[in-house]
Amino acid sequence: MSPTDAAPRVLEVVGPDGCGLRVTFSWDDDRFGHEIAYLEGRLAIVCLTAELGREQDPWPASPALQQLSLTELQSGRSSALLVGMAGKSHWSQSIEADAATASLTFDVACRVQREPQWLGSRYRTRPGVWDSPAPDVRIARGGRVELKIEPAANSLPSRIENAGPSLAIAPDLRTQRFPATVRWKYRIAVRAATASPSGVVV
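Basically our numbering = 1-based index in the sequence shown + 18.
I should point out that these hints are in silico values taken from the structure, not numbers from a laboratory.
Don't take every hint at face value.
As the list claims (entries may be wrong) - Here are the simulated lysine to any residue pairs, SDA-like style, with alpha carbons at most 25 angstroms apart:
hint	residue 1	residue 2
1	Lys106	Arg140
2	Lys166	Ala188
3	Lys106	Phe196
4	Lys203	Pro183
5	Lys106	Arg195
6	Lys203	Arg144
7	Lys203	Glu133
8	Lys203	Thr42
9	Lys166	Ala207
10	Lys203	Ile178
11	Lys106	Pro134
12	Lys166	Val28
13	Lys203	Ala170
14	Lys203	Ser110
15	Lys106	Glu69
16	Lys166	Ala117
17	Lys106	Ser44
18	Lys166	Pro183
19	Lys203	Leu191
20	Lys166	Trp136
21	Lys166	Leu57
22	Lys106	Asp46
23	Lys203	Gln131
24	Lys166	Ile178
25	Lys203	Thr143
26	Lys106	Leu174
27	Lys203	Arg95
28	Lys203	Trp45
29	Lys203	Ala79
30	Lys203	Gln135
31	Lys203	Ser184
32	Lys166	Ala127
33	Lys203	Ala181
34	Lys106	Gln135
Using the sequences and the accompanying hints, generate a full structural model.
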């Protein structure tokens, strides 16, 4: 997809029970942004919106991505592949959809020349959603389901935390030597609600 093509593009995954997730990519000034919505039949609730930076930001809130392609992997799973740069840093991100678990796995990497002031992925959350440190939320009809955000399997250490209206996912930089390629992976999945949710979306 070229930056001049302003039409939003979509990556969607729906589980066997009809619930799922949708990522909508839109061109925003000089890079792609995205939002993540919970799906249940015709219902779509936007839960997370990526916070972006601008050309003058060497350490943007989320990866600076200027090229996007949607493809199908050999496993039959749908995926999105994105690349871009900000300052002297080069970014890549893949998002893989898994219908068996109604989940999306984000695999992000950034090649940096020096220790960054900030590196990670930040999202704005739907008002009133995240009310505790746990990065999960009860959503949709009757609060029967939750969105769970966690480090992906076999991923390097990272932290996931919320601060007010923002959710931050960041790699552990304590053991890094620079220049370096820093990588972080996280998984967003739909699951049955637990007894003590973080918040409710109505």
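Verification of the supplied hints:
1. Lys106 to Arg140: Roughly 20 angstroms between the alpha carbons, so the hint for Lys106 and Arg140 holds.
2. Lys166 to Ala188: holds (16 angstroms)
3. Lys106 to Phe196: holds (13 angstroms)
4. Lys203 to Pro183: holds (22 angstroms)
5. Lys106 to Arg195: holds (17 angstroms)
6. Lys203 to Arg144: With a Cα-Cα distance of about 22 angstroms, the restraint between Lys203 and Arg144 holds, given a limit of 25 angstroms.
7. Lys203 to Glu133: Measuring from Cα to Cα gives roughly 19 angstroms; hence the hint holds.
8. Lys203 to Thr42: Given that 25 angstroms is the threshold and the Cα spacing comes to 19 angstroms, the pair holds.
9. Lys166 to Ala207: Between Lys166 and Ala207 the Cα gap is close to 5 angstroms, so the pair holds against 25 angstroms.
10. Lys203 to Ile178: holds (11 angstroms)
11. Lys106 to Pro134: holds (11 angstroms)
12. Lys166 to Val28: With a Cα-Cα distance of about 21 angstroms, the restraint between Lys166 and Val28 holds, given a limit of 25 angstroms.
13. Lys203 to Ala170: holds (5 angstroms)
14. Lys203 to Ser110: holds (12 angstroms)
15. Lys106 to Glu69: Answer holds: Lys106 to Glu69 is near 20 angstroms, not above 25 angstroms.
16. Lys166 to Ala117: The hint holds at about 15 angstroms.
17. Lys106 to Ser44: Status holds; Cα separation ~24 angstroms.
18. Lys166 to Pro183: Holds, at roughly 17 angstroms.
19. Lys203 to Leu191: holds (14 angstroms)
20. Lys166 to Trp136: holds (24 angstroms)
21. Lys166 to Leu57: Roughly 14 angstroms between the alpha carbons, so the hint for Lys166 and Leu57 holds.
22. Lys106 to Asp46: holds (21 angstroms)
23. Lys203 to Gln131: holds (21 angstroms)
24. Lys166 to Ile178: holds (11 angstroms)
25. Lys203 to Thr143: Status holds; Cα separation ~19 angstroms.
26. Lys106 to Leu174: Roughly 23 angstroms between the alpha carbons, so the hint for Lys106 and Leu174 holds.
27. Lys203 to Arg95: Judged against 25 angstroms, a Cα distance of about 17 angstroms means the pair holds.
28. Lys203 to Trp45: Distance of about 23 angstroms is within 25 angstroms: holds.
29. Lys203 to Ala79: The given pair, whose Cα atoms are some 16 angstroms apart, holds under the 25 angstroms limit.
30. Lys203 to Gln135: holds (19 angstroms)
31. Lys203 to Ser184: Since the Cα atoms of Lys203 and Ser184 sit roughly 18 angstroms apart, the hinted pair holds (cutoff 25 angstroms).
32. Lys166 to Ala127: holds (22 angstroms)
33. Lys203 to Ala181: holds (20 angstroms)
34. Lys106 to Gln135: holds (13 angstroms)
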